[in-house]
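Visitor: The lines below spell out each chain.
There are 4 protein chains.
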Amino acid sequence: MAGNTFGTLFKLSTFGESHGVAIGGVLDGCPAGLELDLNAIQLDLDRRKPGQSAIVTQRKEPDTVEFYSGLFEGKTTGTPIGFAIHNTNQKSKDYGHIKDSYRPSHADYTYDQKYGFRDYRGGGRSSARETASRVVAGAIAKQFLKNIKINAFVSQVGTLKLDKNYTELNLSLTESNPVRCPDPATASKMEAYIKEIKKEGDTIGGVVTCVLQNVPVGLGEPVFDKLHADLGKAMLSINAVKGFEYGSGFAGVCMKGSEHNDSFNTDGSTKTNYSGGVQGGISNGMDIYFNVAFKPVATVIQAYETIDKDGNSVKTQGKGRHDPCVVPRAVPIVEAMAALVLADFTLLQRANKI
Amino acid sequence: MAGNTFGTLFKLSTFGESHGVAIGGVLDGCPAGLELDLNAIQLDLDRRKPGQSAIVTQRKEPDTVEFYSGLFEGKTTGTPIGFAIHNTNQKSKDYGHIKDSYRPSHADYTYDQKYGFRDYRGGGRSSARETASRVVAGAIAKQFLKNIKINAFVSQVGTLKLDKNYTELNLSLTESNPVRCPDPATASKMEAYIKEIKKEGDTIGGVVTCVLQNVPVGLGEPVFDKLHADLGKAMLSINAVKGFEYGSGFAGVCMKGSEHNDSFNTDGSTKTNYSGGVQGGISNGMDIYFNVAFKPVATVIQAYETIDKDGNSVKTQGKGRHDPCVVPRAVPIVEAMAALVLADFTLLQRANKI
Amino acid sequence: MAGNTFGTLFKLSTFGESHGVAIGGVLDGCPAGLELDLNAIQLDLDRRKPGQSAIVTQRKEPDTVEFYSGLFEGKTTGTPIGFAIHNTNQKSKDYGHIKDSYRPSHADYTYDQKYGFRDYRGGGRSSARETASRVVAGAIAKQFLKNIKINAFVSQVGTLKLDKNYTELNLSLTESNPVRCPDPATASKMEAYIKEIKKEGDTIGGVVTCVLQNVPVGLGEPVFDKLHADLGKAMLSINAVKGFEYGSGFAGVCMKGSEHNDSFNTDGSTKTNYSGGVQGGISNGMDIYFNVAFKPVATVIQAYETIDKDGNSVKTQGKGRHDPCVVPRAVPIVEAMAALVLADFTLLQRANKI
Amino acid sequence: MAGNTFGTLFKLSTFGESHGVAIGGVLDGCPAGLELDLNAIQLDLDRRKPGQSAIVTQRKEPDTVEFYSGLFEGKTTGTPIGFAIHNTNQKSKDYGHIKDSYRPSHADYTYDQKYGFRDYRGGGRSSARETASRVVAGAIAKQFLKNIKINAFVSQVGTLKLDKNYTELNLSLTESNPVRCPDPATASKMEAYIKEIKKEGDTIGGVVTCVLQNVPVGLGEPVFDKLHADLGKAMLSINAVKGFEYGSGFAGVCMKGSEHNDSFNTDGSTKTNYSGGVQGGISNGMDIYFNVAFKPVATVIQAYETIDKDGNSVKTQGKGRHDPCVVPRAVPIVEAMAALVLADFTLLQRANKI
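Chains as they are written, first to last, in the numbering used here: chain A, 4 to 357; chain B, 4 to 357; chain C, 4 to 357; chain D, 4 to 357.
Wrong hints could be hidden among the right ones.
For lysine-lysine, the following PhoX-like pairs were computed, each having C-alpha atoms within a straight-line distance of at most 25 angstroms [as the list claims (entries may be wrong)]:
#: 1; chain 1: D; residue 1: Lys259; chain 2: C; residue 2: Lys318
#: 2; chain 1: B; residue 1: Lys259; chain 2: A; residue 2: Lys318
#: 3; chain 1: A; residue 1: Lys259; chain 2: B; residue 2: Lys322
#: 4; chain 1: B; residue 1: Lys164; chain 2: B; residue 2: Lys201
#: 5; chain 1: B; residue 1: Lys356; chain 2: A; residue 2: Lys102
#: 6; chain 1: B; residue 1: Lys322; chain 2: A; residue 2: Lys274
#: 7; chain 1: C; residue 1: Lys318; chain 2: C; residue 2: Lys63
#: 8; chain 1: D; residue 1: Lys322; chain 2: D; residue 2: Lys102
#: 9; chain 1: C; residue 1: Lys274; chain 2: D; residue 2: Lys102
#: 10; chain 1: C; residue 1: Lys259; chain 2: D; residue 2: Lys322
#: 11; chain 1: B; residue 1: Lys322; chain 2: A; residue 2: Lys312
#: 12; chain 1: A; residue 1: Lys152; chain 2: A; residue 2: Lys167
#: 13; chain 1: D; residue 1: Lys322; chain 2: C; residue 2: Lys274
#: 14; chain 1: B; residue 1: Lys259; chain 2: A; residue 2: Lys198
#: 15; chain 1: C; residue 1: Lys259; chain 2: D; residue 2: Lys198
Note that these hints are calculated values from the structure, not bench results.
From just these sequences and the hints, can you work out the full model?
Guide: Next comes the structure, spelled out in C-alpha cells:
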C-alpha cells in the first residue's frame, strides 16, 4: 500500500499537492441512501481553510469542493464519491528559495531521499493542504454517523493549558472564538499569545482534545485494529502530530489498578471513565476522549542556516504565509479523522454476528 | 478486516485464546533466503514469558514455539511461516468466578456485547497472552532487519521516572535486572516498588521507551501510513497501552518552532533530534525514539463489586496469578511490534523508485 | 500482499508445505455465534483426501484437522479460527530425484527463480496439498451460508463430456461414484477411462461444473470486485486450473443480444439464465453456474528428459503416487472456494445501505 | 473493500458514473521518476473512445484526461496520480425510458436491489464508461513496464474465428482496421458482419486474445494471488466478460499430461508453451497468452417486454447509441488491465528475496 488510502470499508484515497492543479479524493464504501447536506461539508472546509482569522495563515483560498460522482438526486448511491478542490492561490514563486535547499524539520530532505526528487512548491504532497480532502470525507462520515457527537477543541497552546476537563466545559462555545477553545477566558489568552508568537516570526505547539459521544457499544476490531489504535494512527497521520493519548493516557501510568478500574453501574455504564470509552479495543458506550499533541510549525519567518541538495551550507530566510500555531485549524481535521475511523468501524461491526 | 492481521507485505495474522488449545500465527511475506536463528526467537519469548522473575505473574508456561512451515534447511523459503505455541498451563477453574460477571476495566463486557458471548477463560482473545505470537514474528523481523538496532526499556513505573534520556544510558544494561530498566539504581527502586504494590494486591502503570537506530532514510509511506503513525498504531494495539509519543512528544507542544527545528549538518544528519528520526512521516536516518504508556493492570487481588450478565450487582474477589506491573514483560513486545513495522516499511520502500 | 490470504472480511490465510510439519490456516472474520458441525468439516476433507478410491493417488493421509482457537462450547466466538493438519505420510525420499532437476510443467523452476531456492519435497508450497486448508475454511463458510446450496461435480474428463446441463441432472448422485459425476452412465465411462490413463502412467484433464443456488440478490462489489470476477480468481487460484467461464461463457460469444438477453418475470426472476445469476457483477437471485477447466496433472509415470539447476540436460523417470486425473478430488475444493467467496460477499453486503 | 480499487502496490481506485460530472481515478503507488508520455495515454484513450469508427457506438465524447497531481516537471513523483475525464455528451433524456423499468441483462435490477435505488442515466456506475479510467492507469502502467510487450487483438466475432494462433499473426496489423483483428482478411469479414448485426438493431459477442511478451521470470504471488488468477479477475471485472482461459485453456482438458507438459530447453525456456507462460502461478519467462470471452451487448434497438420497479410488465423499445459488438473497443481495456496486473506484481516481486 502506497499509503494514500485510509479505512477498510469506509475508505478514503486522497491525491494532490499543495501547488498542483487540484487536490481531492475518492471516498469508497459510503453506504447508499444517505441524504447529503453539502453545506455542512463546505462549512467544515471553511473551519479548516486559511485566512479565516488573524491568527492563522493569511493565504486566501476558497477551498470549494466539487463532487464528481456518487451522488444522485441528493443522496449517496453507494458508488465511490469522487471530489476535487482546485488550487487557486498557488504563489509558486514564494517557494523558489526552497527549491534547492532543505528546510529544517520539514519533509523536503526525506521526500528527496525517498523518491529521488520532489515537487518542492509549498511542500507538495507533504503540505497540510492535503488534509482538506480528509475534511470533505470526514464531513460525509459525520453525516453517516448521525447520532454520534464528535467535538474537538483546543485545550493547550504552548504552556497555556485548560485547567478543566471536557465534562466541565461548554463545548458549544468552541466555535465562538478563533482559537477554538471552549473556555472564553483561556481562549483570549491563547489568542493573545499566538499573536505575540506571530509577531516574533515564530510558531508554537498545542494540543487538540477530542470527545466522541453516543458511540454505540461494540466498535473496534481486536487485536490489531483496536478502536483506540486506529484512532491513534488516524491522529498521528495528521501533519505535525507528535503524540496521542486516550482516557487516562500518560497520567494513568502513575495510578494504581484499584484507582484506575472503572466500576460498573448496573446498566453497563461505568462510574468513572479512566478507560476513555474503550475496553479491550472495543467501545463500551462511554465517552471516548483523547488528546493530540501538535509540535510548533516548522516554518519560522526568521533567518536560518541549512544545507542544499549537494550538502553545502546555505543561509536563507523563512518566507510565505504560514500558521503561527496549527491547532485552531487542526480542530476540524481531528474531527474528520475521528469520523472516518468511527464510520469504518460502524460498517465493520455489521459483520460480527451471524 | 476482522483485525487480526498486521502489516501489508510483512504480514502477521495471529490466532488463539488464553486458555484454548494453542496460540500462534502465520507470518506471510518474510523474504526468502533468511537464515533463521531459532534460539534468538525463543530467547525473546523467554523475555516475555510468565514466571521469569519475582515481579511478574507466577504462572509457569514454557511458551515453546513450534514452526510448521516456511523454513527449509534453516532458511526462510518465502512461503508463509506457520507457528504455534501450545497452551500448557490452563487453569480454567481459576476463571469460574468471572464466567458470569464482568471484571471492571477488562474486555469482558465489551466482548460479550460485540460478539454475543465470549470465551471467558483467562480473558480469551483479549488476554495479553496473544502477544507471544507477536514476539515470535517480531523476532523474525529483527533478524530480517539485521543492522537496525531495536532497544526498548522501562523508563517509568508509577511516578518513578528515569531522569536521563536514552543517549545518557547504557542500553546494554536493560537485561541486567528484572525490571528491564538500564539504570541499575532506578531499576532497584522500581523493583522494590513493584514488590510493594504486589503485596497490596494492587497494580501500577509504567512507560516503555524504545529506540530504533541505524534505520535507513526513506521508510514510511505518507500520507496516511506515516512511519510514526504505524508505529503508534502498533504500540496502541498492545494490551493496556494508553498513549504514544515520539520525538519531542507532548513536551514539544510547549516549544517554539525556532527551538524545535532540527538544523542540518552537511551530511544530512541533524544537530538536534526533536523530530525523533521522522520527518513528514519518513525516516531521516536519525534515531527514532518513542514512549509507550501502560495503564495499571486491571486485575487486582482485592474484593470488588461489579455486575453480572443480567445487570445484577455482585461482590467478588480478584484471583489468579497476575502481573503487578506489566512493563517489564512489555519490553520485548514493544520491540517486536517496532520490528514488524520496520520490516513492513523496508519491503514497501523497495517499490518507491522506478 | 504476499499472496497467501483470501478474502476481505471472511478472510483465510493458509500456510504449509507438502512435506513440512503441518499445513493449516487462520480463518479470520467468521461471525460469532455459529454452531459448528465439526464432522461436516472432516467429511469435506475426506472428499478431498488421497487414497479414497482406485482412481486417485494412493498416498494415505488421514488429513485430520485440529482446531486451535476461535471456538468455545461448540460455537464460533468471532475471533480467528486457527487450525492445522499435521503431515503424517511424508515420503521425502520419493523426491530425491527432483531435488536437483526441474519437472516440466511444475512450479520447480519458477519457485527456484522467484525465491532463490525451494523446498523441493513433494512440490513444497506449490503442492495441491495446500488446498486441504481451503477445504477446512470452505466447510465453515458453507455452514455460515446455511441456505445457499453449493454443488460442484465433474462434467468432463478428457473428451468424455456430460451432454446434459445441471438442470437436467440429479445432483444428489454426485457422491454416488468415485468420479463425482452425477450421471451414473457417464461416470462409469469416465472411471474406466481414468483407469486406462493411469495404466499408461499418463494423466488427463477435466472440467468441474459448480452450481450455487438460493444466493440472495445483491452479492458482489462492483466495479473490480464483481461476484463472478472473484469467483473466477478463486477458481483460477486452484492448482492446475486453466480456465473459467460462467453463465453462457465462451459459447455466449456466438449469440446475438436478442437471444442472450434474459427476460424478466414479474417477480424479478428471469425466463432464461444466460447471465448465470450475475448481472453487472451482482447476484440477481437466479442460479449461478460456472465451469472450471483443469489441465492434465503434470506428473506422469514415464521417462522424460529435463534440465537441472545448472542447465544441464538430464534423463529421469516420473515416480511417486499421483492422481491420473485431478477433477474427482477437485470437486470439494471448488465448492470450498465458492463458499469462501460467497461468505465474504455476504458480510460485505451488510455495509451497503445506511 | 467496496470494490472500486484494484491492485496492492500499484493501486487504482476509480470513480464516476456514465452521466455524472466526471469519471476518473487515483493511481497510487506508481514509482517515482517515471517520465510520462502523456500523448501515449491519450492515444490509448482514443482507441477506447466512442465514435472512432462506423462499427462502434456513434456517441461523440472527446474523453480528454486531465491530471491533477503526482506529476512534476514531466515525471511521476511517487505520490498519487489523480485524474479526471469530464463527461461532455450526457444525453440524459435518452434514458428517461429506463428510469422506471429494468433492461434485461443489464445491471438495472441488481443495482436497485443492492443499493435501494440507482443513478439510471446511461447505466450509471455499471456503464462501461468507467473503463476509460482503467485505460488511463493502464497506459501509465505500460510505460512503467517498458520492455514488456502487451498486445491484445480481436480473435473472434460471433462464429467468425481466427484460424491462426498469435505466433502466426503479425500483431502490428491490429490497429490497421476498425475491428482490431491482425488478420486483414478475417477483419474484413468481421467488419461486414458487425455492420449487418447493427442494421438488425442487434448485437454480437466476441473474443479478445492478449499476449504478454518479455515478462521476466518470477511474477505472481502464490498461492491465492497466482499471476493468472489475478489476470483472470482483472479480465472478468471488465463489463460483459463471461470467460477467461490462458495457455491451453479449456482445450487443454482433452490433452494427456505427456502431451501437455512443456519440456525445457537448457536455458530454462520451454519447447512448447501449453502452460501459457505461467507455472505454479509464477511467470516462467515464456509468452503469456489468454482469451477473454465477451457476451453480446445487452442493449438491442428492438422492441421488448420487461418489468418496472413495482413488478408490472411493460413494453418498451431499445434506444440510444450503442455498440453492436464490444470487442473492438475492448482491446485497449484488456491491455490496460493486463498492464495493471503486471505492474503490481513487478513491485510485489521486489519484496521476495532478502
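Visitor: All the hints need checking, so say for each whether the structure fits it.
Guide: How the hints compare with the structure:
Between D/Lys259 and C/Lys318, the direct Cα distance comes to roughly 20 angstroms. Compliance with the 25 angstroms bound is thereby established for this hinted pair. Only pairs whose Cα atoms come within 25 angstroms are accepted, and B/Lys259 paired with A/Lys318 is accepted, the gap being roughly 20 angstroms. Our distance criterion of 25 angstroms between C-alpha atoms is met by A/Lys259 and B/Lys322, whose separation comes to about 17 angstroms. In summary, the hint linking B/Lys164 to B/Lys201 is supported, as the alpha carbons are separated by about 19 angstroms, within the 25 angstroms threshold.
Distance check on the hinted pair: B/Lys356 and A/Lys102 sit about 21 angstroms apart at the alpha-carbon level, within 25 angstroms; holds. This hinted pair checks out: B/Lys322 and A/Lys274 have alpha carbons roughly 23 angstroms apart, not beyond 25 angstroms. With a CA separation close to 29 angstroms, the supplied pair C/Lys318 and C/Lys63 exceeds the 25 angstroms bound. For a cut-off of 25 angstroms, the pair hint linking D/Lys322 to D/Lys102 stands: about 13 angstroms separates their Cα positions.
With a C-alpha separation of about 22 angstroms, the suggested pair C/Lys274 and D/Lys102 falls inside the 25 angstroms cut-off, and the hint holds. About 17 angstroms separates the Cα atoms of C/Lys259 and D/Lys322, which keeps this hinted pair within 25 angstroms; it holds. Annotation: proposed proximity of B/Lys322 to A/Lys312 is violated, straight-line Cα distance about 62 angstroms (limit 25 angstroms). Annotation: proposed proximity of A/Lys152 to A/Lys167 holds, straight-line Cα distance about 20 angstroms (limit 25 angstroms).
For the hint linking D/Lys322 to C/Lys274, the alpha-carbon distance of about 23 angstroms falls within 25 angstroms, and the restraint holds. The suggested pairing of B/Lys259 with A/Lys198 holds, with an alpha-carbon distance near 13 angstroms, which does not exceed 25 angstroms. Distance restraint check for C/Lys259 and D/Lys198: the Cα-Cα separation of roughly 13 angstroms lies within the 25 angstroms cut-off, and the hinted pair is therefore satisfied.
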